[in-house]
Each structure stands twice: as structure tokens, then as C-alpha cells.
Amino acid sequence: MAIVPIALPLEPLLAALDMAGVAVFAVSGALAAAKSKQTIVTFAFFAAVTGIGGGTLRDLLIGAPVFWVGRSDYLGICLVAAAAVWLLKADRWRMSALLWFDALGLGAYAVLGAAKALNYGVPALPAVVMGVLTASFGGIIRDLLAGEPSILLRREIYVSAAALGAGTYVALSVIGVGMWPAAVIGAAAGFGLRGVAIATGLALPGYRED
Amino acid sequence: MAIVPIALPLEPLLAALDMAGVAVFAVSGALAAAKSKQTIVTFAFFAAVTGIGGGTLRDLLIGAPVFWVGRSDYLGICLVAAAAVWLLKADRWRMSALLWFDALGLGAYAVLGAAKALNYGVPALPAVVMGVLTASFGGIIRDLLAGEPSILLRREIYVSAAALGAGTYVALSVIGVGMWPAAVIGAAAGFGLRGVAIATGLALPGYRED
Amino acid sequence: MAIVPIALPLEPLLAALDMAGVAVFAVSGALAAAKSKQTIVTFAFFAAVTGIGGGTLRDLLIGAPVFWVGRSDYLGICLVAAAAVWLLKADRWRMSALLWFDALGLGAYAVLGAAKALNYGVPALPAVVMGVLTASFGGIIRDLLAGEPSILLRREIYVSAAALGAGTYVALSVIGVGMWPAAVIGAAAGFGLRGVAIATGLALPGYRED
Numbered sequence: 002m003a004i005v006p007i008a009l010p011l012e013p014l015l016a017a018l019d020m021a022g023v024a025v026f027a028v029s030g031a032l033a034a035a036k037s038k039q040t041i042v043t044f045a046f047f048a049a050v051t052g053i054g055g056g057t058l059r060d061l062l063i064g065a066p067v068f069w070v071g072r073s074d075y076l077g078i079c080l081v082a083a084a085a086v087w088l089l090k091a092d093r094w095r096m097s098a099l100l101w102f103d104a105l106g107l108g109a110y111a112v113l114g115a116a117k118a119l120n121y122g123v124p125a126l127p128a129v130v131m132g133v134l135t136a137s138f139g140g141i142i143r144d145l146l147a148g149e150p151s152i153l154l155r156r157e158i159y160v161s162a163a164a165l166g167a168g169t170y171v172a173l174s175v176i177g178v179g180m181w182p183a184a185v186i187g188a189a190a191g192f193g194l195r196g197v198a199i200a201t202g203l204a205l206p207g208y209r210e211d
Numbered sequence: 002m003a004i005v006p007i008a009l010p011l012e013p014l015l016a017a018l019d020m021a022g023v024a025v026f027a028v029s030g031a032l033a034a035a036k037s038k039q040t041i042v043t044f045a046f047f048a049a050v051t052g053i054g055g056g057t058l059r060d061l062l063i064g065a066p067v068f069w070v071g072r073s074d075y076l077g078i079c080l081v082a083a084a085a086v087w088l089l090k091a092d093r094w095r096m097s098a099l100l101w102f103d104a105l106g107l108g109a110y111a112v113l114g115a116a117k118a119l120n121y122g123v124p125a126l127p128a129v130v131m132g133v134l135t136a137s138f139g140g141i142i143r144d145l146l147a148g149e150p151s152i153l154l155r156r157e158i159y160v161s162a163a164a165l166g167a168g169t170y171v172a173l174s175v176i177g178v179g180m181w182p183a184a185v186i187g188a189a190a191g192f193g194l195r196g197v198a199i200a201t202g203l204a205l206p207g208y209r210e211d
Numbered sequence: 002m003a004i005v006p007i008a009l010p011l012e013p014l015l016a017a018l019d020m021a022g023v024a025v026f027a028v029s030g031a032l033a034a035a036k037s038k039q040t041i042v043t044f045a046f047f048a049a050v051t052g053i054g055g056g057t058l059r060d061l062l063i064g065a066p067v068f069w070v071g072r073s074d075y076l077g078i079c080l081v082a083a084a085a086v087w088l089l090k091a092d093r094w095r096m097s098a099l100l101w102f103d104a105l106g107l108g109a110y111a112v113l114g115a116a117k118a119l120n121y122g123v124p125a126l127p128a129v130v131m132g133v134l135t136a137s138f139g140g141i142i143r144d145l146l147a148g149e150p151s152i153l154l155r156r157e158i159y160v161s162a163a164a165l166g167a168g169t170y171v172a173l174s175v176i177g178v179g180m181w182p183a184a185v186i187g188a189a190a191g192f193g194l195r196g197v198a199i200a201t202g203l204a205l206p207g208y209r210e211d
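Chains as they are written, first to last, in the numbering used here: chain W, 2 to 211; chain P, 2 to 211; chain D, 2 to 211.
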């Protein structure tokens, strides 16, 4: 895997987005634990898996050092998110707020995952896949461990929104659009499509036999 | 992990087999999605996971660059397979044809996985395991995500056929048989045992308490 | 990931503990297969996944060569464990013995995983997480594949004991305690807490809405 020898241009705004994305997904993991009345340890486990699972798979696949292993802040955010949900009884809040935060995280993560993959010399199509995995794999693992129906098996637009966000970013990058406009437009596209799905229940049609 | 400094002798016939194996397994993933009437996005996800999941785990374990990340053709095959199953309504075909293609893929993949591991300096026993994982892990993940009973929990011969194919190849390689005869005999052994299971329902006995 | 350039000080006592831990967890995997009357092939698969799954994830995350891939003994232990459970009908033994062996493995593995991570230059918090994953991930995968409720969703103390053992080891290492005293105290703490849970059913409280 060729490593493009330019400095990673993700800092510092994307770094902040990255942390925010981890926090949002960690909260969603802790809320899944709250829903089935788990212990604080399971809260922490679910928060961490959901918060950092997608980026972990991306980094393993592209051959990058796993982003949270060499430092403590990412895990710290997940632990704080788990404790906050537990202490604040956040599962009683209006969940629509979380859905919208999650949509923001989805858009930002899809772009971030694709951008990191491109920076590692990954071609366009697998880079889009890395964006989709970064945005959705944490939630997939969370559902698997919780024994809940996977996000993959729901028809409501979710993975598609991640694909749109990552695909838009990669397409714009390929045709020479600068990183920042491409990132903003990509994240907005992913967030927008997911937002329409939240607001209207927009779903993809299922396969029909006849 | 010592990397054997010889050129990888897998090309070009095995490369063709490799692509065929990805396609066959991708189709089986898409058919699993069709069975539960998923969306086209889930078709694509299942096709990709099933088509490239086993080789991905193998490459991560032996420390090789993950085979599909640096190029677009493997993912492209999976997307085409998903679209083809969707458009052609392939789930209405006679499934016995697919079972036999899958058996071919099983034999080829078991040998391919073991051969790549040996090329990376992996000893005999773990190399056999790499062959088994390459041939079966994609289907295991597909079943997990779909919430279906795992291939692992069925008594019908499947994993055993992969083990026979990979084990035959590795044993022949260890005693000095050339790569091509070993590969053909190994793949034939795996395919043959799986074929007998398909034709006769041959299964392993389950554990009995008394 | 900086690799600390000192010789790995884990040998030879910890190497023996390591093998013992693999064996104990492999037996627990085979017993899970026995419980649902699986075939000998599934016994072997479950024994291997449970015995080496946790250390595999740890090594992938910290960027180390996966510990069992370059050699045959670890897999050999798993196969022997699977065959022994099958032949000796070990599932009819008193299970309390196994629970205590498992507790020993938990304590040893939590320390071993954290120690290896520290040796690879991983900071304190992620090193504790590596200890927890090493001790618990094999069982999590085993439960997932078997379709059983995950160890994560039980309130009885288990992951917490791994966290206590790994955390104690890392904390003592950070304040300058020598490796051996820290390892013994850490393993004893993890084993002790898990032992109390086995003996008394000690469990964490679940999340309450009101």
C-alpha cells in the first residue's frame, strides 16, 4: 500500500469533527445499552465499540496504525459518553435530538473515512467503501453484540446516505475539487439524505420476487 | 513474519480462479439478501462481505496488504454480482447450480488461501487454517449479519471439505510435490468431498452425551 | 506505533501461563460446542476461536504479528483441547472446576494482554483495554457464533474482573513497580474478583430508568 508522502491535511477542523463523531456514536452505543438495562461496564463496552469500531476496521484494512491505540483521548471520550448517559439518564431525553446528531456524525465520518483512505493511496471505489464502513460498522457491531436486528436489515436510508457522502467526496476529489469544498459538500450530501430519511421515513424498496 | 522472497507463483490461472471465487461467493451473499427481501444496498453489502470476507481475514492474520483495498476490480465484481442477482431475479433459478459453483469456489479458495499463507512463510498447520478461513469466513459473516443459523452449526460437510482441500495442498507441498499438481489435487479433494455432501447429504455425526 | 526496543520480558513463566490460558479458553469453546451437540469440526473451530480470538484482536490492534500464525503449537493446543472434550465427554464433569480454570485464565490473560501492549509502546488506557479484550473477546466471538446471549449482556462480574486485573497491572507498572510483582498482583486481583463472583453470584447493578 503506497503511503502518499504528503502531510495529512485533516487537521485541525476535521480532527474536531472526528472527536465529535466518536462522541456521538459512543452516546448511541451507550443508549443501546440503556435500552436493555445493562451494567455500567457494558455501557462502556458498547460506547467504545460503537464510537471507534468503524474507524478501527478502516485502519486495519488500509494498513494504517489503528487511530485510537497510541493515545488515550478517543477511549476517554467513549468512557465519558457512557458515564454521561448513565448518570444523566439520557435515554429519557427526546431521542429525535440524538438521531440528528447521529446524522451529523454519519456525514462527517463517511467523508473522513474516504479522505483517510485516499490519503493512503487507496483507489476511488475502495475509498468509498472505507467511508461507508467508517460511518456504519460501529453500529453494525453494536447491534450484533446486543442481539438486535442489524441496521443493515432495515430499509430506512442509512448505509445509502453514508455511500452518498463518501461517494460525493471521492468524486469531487477525483475531478480536482479542493479538499475542503469536497468535504463540506460530501458531508452535507450524506447528512442531507439521512436527514430526509429521518424526517420522512424515506426507505429503499425491498427485493420483490414478482 | 518472514516473507518468502520468491515471486508469487499464483498468476495467472489462480488469479482467474480467484476472481471466479469472489464472484461465486458474492452471488451467494446476494442470494441471502434476496431471501429476506432486502434493499439493493444490502444486496451489495452482503455480496461484498461474502465475496471478500474470507480473504480479508486471511490477509490481516498473515500480515499481507488486504487484497482488494489497493484496487477496484474485486469490489466491482461484488457490485456486479449484487446487481445481477437483483435484476435477473436469480433467486428463482434452480439453486442446485449455485451449490455446485459454491463447491468449486470452496475448493479453489481453500487451496488459494493455504498457498498464499505458505508463500508468506506461515507453517503448515496455520496455513491449513488460513485455507479454511478463506473458504468459509465470508459465509460465516454473511450468516451472522443476516441473523441466520451459522454454516458452522450445520452438520453437513462444508468446513471439513475446506480443511481437506487446504490440508491436501499443504501436505503435498511439504513432501515436495510441485505447486500446480498440488493445487489441482487439493482443490479436487475439497470440491469432491463437498460435492458428495451436496449429492448425498453426507454429514458429520454430532456430539452425543451417552 | 513505537516498538520499545527491549527484549520481551514475558518469557518463560508467562509463556507457560499463556499456553495454559489458551488451553483453558479452548476447552470452554469446545464445551460450548458440546452443549449444542456439534460435530468434531465445529468443536475444533469453537476451541480455536475461543482460545486464540482475544489475543488475535489484540495483536491486530497494536500492530504486532498475530501470535499464533507463525507457529503450530497454539493451534495444536486448541485441536487437542477439542479432541479431549469430545473423547472424554468432558461436558459431564463438574463444571465448577472449569469455571475456576477460566477465572485463572481470565486473570493471566488480562495481565498478559496489557503487558504486551505496554511493551509495544501503547499508553496506559488503551493498554488496559487490550488486557480486557485479550481476556474476553474469544468468549464474545464464541457466543456470537453459537447464537447464545453474549457474556457482555450478563450482569455477573466478568469483564469487570478483566478490567481490574489489567488496570492493576498497568497502574503498578506506571508507578514503577517491577514487572513480576505487578503481574502477580494484577492477575491475583482479576482472579480474585472473578472468584468472588463465581462463589457468590456477585453482579453489577443494571441501568434503571427510575
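Note that these hints are calculated values from the structure, not bench results.
A quick note: this is a predicted structure, and the numbers were derived from the prediction, not measured.
Certain hints may be false.
As the list claims (entries may be wrong) - Chain W regions said to be covered by chain D (calculated; three or more residues, Cβ under 8 Å):
no.	stretch
1	58-72
2	144-152
3	177-186
What the hints assert, rightly or not - Among the chain W residues that face chain P by a calculated CB cut under 8 Å, a handful are:
no.	residue
4	L89
5	V123
6	P124
7	A125
8	P127
9	R156
10	V160
11	S161
12	L205
13	P206
14	G207
15	Y208
All C-beta atoms in this analysis are idealised placements derived from N, C-alpha and C, irrespective of residue type, glycine included.
Checklist entry - Which hint numbers doesn't this structure obey? => result Numbers 3 and 4, in rising order.
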